[in-house]
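**Q** Residue numbers (the working numbering), protein chains in the order written: chain C, 1 to 324; chain B, 1 to 424.
In case anyone wonders, no lab produced these hints; they're calculated from the structure.
It is possible that part of the hints are untrue.
[To be verified] Pairs of lysine to any residue, SDA-like flavour, derived with a Cα cap of 25 Å:
(1) C:K208 / B:I213
(2) C:K137 / B:D312
(3) C:K272 / B:D312
(4) C:K208 / B:G190
(5) C:K247 / B:P204
(6) C:K208 / B:D312
[Said to hold, decoys possible] What follows is a set of in silico ranges between Cβ atoms, one per label pair, in the way DEER data are often shown:
(7) C:H139 / B:A293: 26 to 36 Å
(8) B:K247 / C:T264: 48 to 58 Å
(9) C:T264 / B:Q168: 56 to 66 Å
(10) B:M129 / C:M246: 29 to 39 Å
(11) C:H139 / B:A384: 38 to 48 Å
(12) B:H385 / C:A134: 22 to 32 Å
(13) C:G286 / B:Q168: 48 to 58 Å
(14) C:E244 / B:M129: 32 to 42 Å
(15) C:M246 / B:H185: 14 to 24 Å
(16) C:K137 / B:E43: 28 to 38 Å
(17) B:A384 / C:S243: 56 to 66 Å
C-beta: ideal position from N, C-alpha, C; glycine also.
Each chain, written out:
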Amino acid sequence: MNGARNPQLGPDGRLLHLLTLEGLPAETIVSILDTAEPFASIGERDVKKVPLLRGKAVFNLFFENSTRTRTTFEIAAKRLSADVINLNIGASSTSKGETLLDTIDNLVAMNADMFVVRHAQSGAPHLIASHLHATGKPHVHVINAGDGRHGHPTQGLLDLYTIRHYKRDFRALSVAIVGDVLHSRVARSLIHGLTTLGTPDVRVIAPKTLLPARVEAMGVRVHHDMRAGLAGCDVVVMLRLQSERMKGALLPSSGEYFRHYGLTADKLALAKADAIVMHPGPMNRGVEIDSAVADGERSVILPQVTFGIAVRMAVMSMIAGGPP
Amino acid sequence: MRIAILGGRVVDPASGTDRVTPVYIADGRVAALDAEPASFHAERTIDAKGLVVAPGLVDLNARLREPGLEHKATLESELKAAVAGGVTRLACPPDTDPPLDEPGLVEMLTQRARHARRAHVHPVGALTMRLEGTTLTEMGALADAGCVAFSQGDVPIGDTQVLLRAMQYAATFGHRVWLRPQDAHLARGGVAHDGEIATRLGLPAVPACAETIALGTILALARETGVHVHLQRLSTAEGVAMVRAAKRDGLAVTCEVAAHHLHLCDIDIGWFDSLARLDPPLRGTRDRAALRAGLADGTIDLVSSDHAPVDDDGKLVPFGEAEPGATGLELLLSLTLKWAHEERVGLADALARVTSRPAALLGVPAGTIATGAAADLCIFDPAAHWRVERRALASQGRNTPFAGHELPGRVRYTLVDGAVVHEA
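Given the sequences, and given the hints that come with them, work out the whole structure.
**A** Next up, the structure:
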């Protein structure tokens with residue numbers, strides 16, 4: 001309900017929640033990336049903490065299992081000195097008959113300051129944020145940690161951070177996103193981020209069964225032939241292919257998928273010589289990416305993970321850490 | 001009760017009447033128009049100056065949620081909503097719990113509805129047992145119990161052979177078959193129109209071909225069997241074109257559109273607004289334009305409310321988990337008038353689409369203001385606008401994507417069988 005406006009920006013343009021990268025002003029995105037820069041080096045210090053969120057209660061609310069994303073949020077919140085409470089709700093709360101918003105109301109009553117939400121349904125974090133506004137709790141913040149196929153804005157931001165780190169100017173880049181765009185929240189968030197920052201050439205490479213309708217309207221060019229799609233690009237972003245895609249007639253087999261859309265050294269050779277390779281993880285070696293590429297010198301997959309913590313610290317501190 | 005309705009503009013599409021004239025009512029029927037009958041002493045006079053006196057609206061698609069789904073709505077609440085919206089006669093689909101697949105249920109429902117003494121209720125029987133699409137219902141017995149037609153509700157028959165036989169069987173006895181064209185497989189899991197909005201929001205989509213493929217099958221089987229098919233809640237531009245072509249070829253089909261599809265499209269989902277979760281889904285602007293044009297040129301015969309009360313528990317969830325449907329009985333008149341005003345369609349023409357045309361499909365004498373006809377009337381102020389407020393709705397399901405909208409046309413009096421059952 002209450003879908004008329006996006007609740008993530010306050011009336012003064014301040015970021016109250018991070019629900020999607022769509023519609024976020026370029027300056028806001030750049031300011032998040034800039035804020036993340038100093039945090040990136042904190043991990044290398046002996047004392048890895050800053051007191052920006054001291055006394056704040058951050059609830060990791062994962063209605064869908066994820067170890068990696070939850071852990072990076074937990075590390076980010078702890079490095080900001082917040083108290084972190086992890087809740088792996090999975091399907092258990094619905095089996096108990098508690099609705100999503102009942103769960104939220106209960107946690108708000110425990111004085112939560114921030115929810116980091118992952119949910120299998122697109123739009124669940126919007127629903128929570130709207131509900132918090134409707135019930136007079138706009139000071140409780142929501143960060144979308146992945147909702148259905150819709151968005152994964154902190155992943156999008158860490159991807160942007162990584163690209164900026166290695167490539168600097170978005171306005172001169174060709175970025176190819178390869179794989180299951182249809183089901184990918186990572187792809188949607190990255191596409192919004194890239195187009196907002198002025199990337200002139202964003203390509204998606206996938207078979208027709210893994211592309212949503214009218215995806216061109218998001219500002220991308222569609223390629224079905226991976227070799228043509230990779231030609232001359234600066235950044236290759238591989239998407240994870242989930243094994244259940246082999247059911248439901250989307251793909252015949254992982255072997256056939258790898259044959260057409262797996263990233264191998266010879267396909268990567270068609271990109272620019274200094275092109276970087278990214279992957280949101282966890283990788284399926286031999287399905288979407290060849291080990292030689294994943295571990296190769298152009299892979300920036302592990303730096304992405306490190307940057308992810310810095311970006312999440314930036315988002316959390318900007319949203320809940322008081323005025324900058 | 002003898003009632004004199006004075007000074008109103010009587011608009012009766014069935015008879016072509018459109019003039020300011022008095023209407024006299026006695027013994028539940030229209031006693032006379034124009035001239036007061038001899039020795040008529042009105043016990044009540046309704047001042048209808050500035051108001052339109054129209055036949056009561058007839059809605060072919062209103063869920064009352066009884067039996068079995070009373071937590072969403074009850075006969076009492078929804079029939080109150082009906083007359084608040086000027087609807088004096090409605091057909092309810094068989095998708096109750098249990099479905100309307102045996103005569104006892106149908107008799108109980110019609111009896112309870114009669115007892116409520118508000119709008120007339122005509123149950124639509126299930127075409128197959130439990131709507132499972134495998135075994136035919138006893139259509140003869142159901143028709144005797146009061147079913148005016150047979151339908152599958154929102155559950156398509158997956159097995160085309162069963163559909164063929166159901167239509168053949170219905171054709172044998174002259175039963176009407178009402179079908180909403182939707183391919184069960186193509187619509188599986190989908191919650192929004194397959195376009196750039198669903199793509200952006202990451203919502204599982206229902207392609208337009210889910211409608212057109214089922215429509216193609218239904219039209220082919222209608223040709224084959226000769227059964228009269230009424231197509232419910234068309235939603236796509238391609239679907240409208242197919243029906244237009246079928247009618248041009250002389251096929252005896254009729255067709256309806258849900259009132260909300262005349263005004264909303266997938267953009268109205270905004271940021272996951274579950275009030276806009278409807279079945280069929282709100283489609284693109286092009287589809288909406290085609291539905292509006294199709295209704296104007298007669299390809300689409302009539303407008304239904306597609307009334308589907310859903311409680312807050314069904315809507316206060318993420319979009320993809322939300323229960324489809326919106327309350328509609330109280331909006332049918334206003335949404336039809338709004339369409340007519342925007343498309344420059346005359347008042348009588350517009351009212352035909354919610355009175356005489358749907359009444360003809362019920363096969364009962366209704367939907368007209370003629371001497372001797374049942375005095376089912378909707379008296380409304382065409383100039384008044386009202387704001388749709390959740391709290392002010394009579395329906396138990398207060399959820400509608402039109403909440404907060406200003407709509408034209410306010411119902412002042414509703415009469416059923418000559419009794420004033422609603423006034424505002």
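**Q** Among the hints numbered above, which are violated by the structure, and what are their numbers in rising order?
**A** 3, 6, 7, 16
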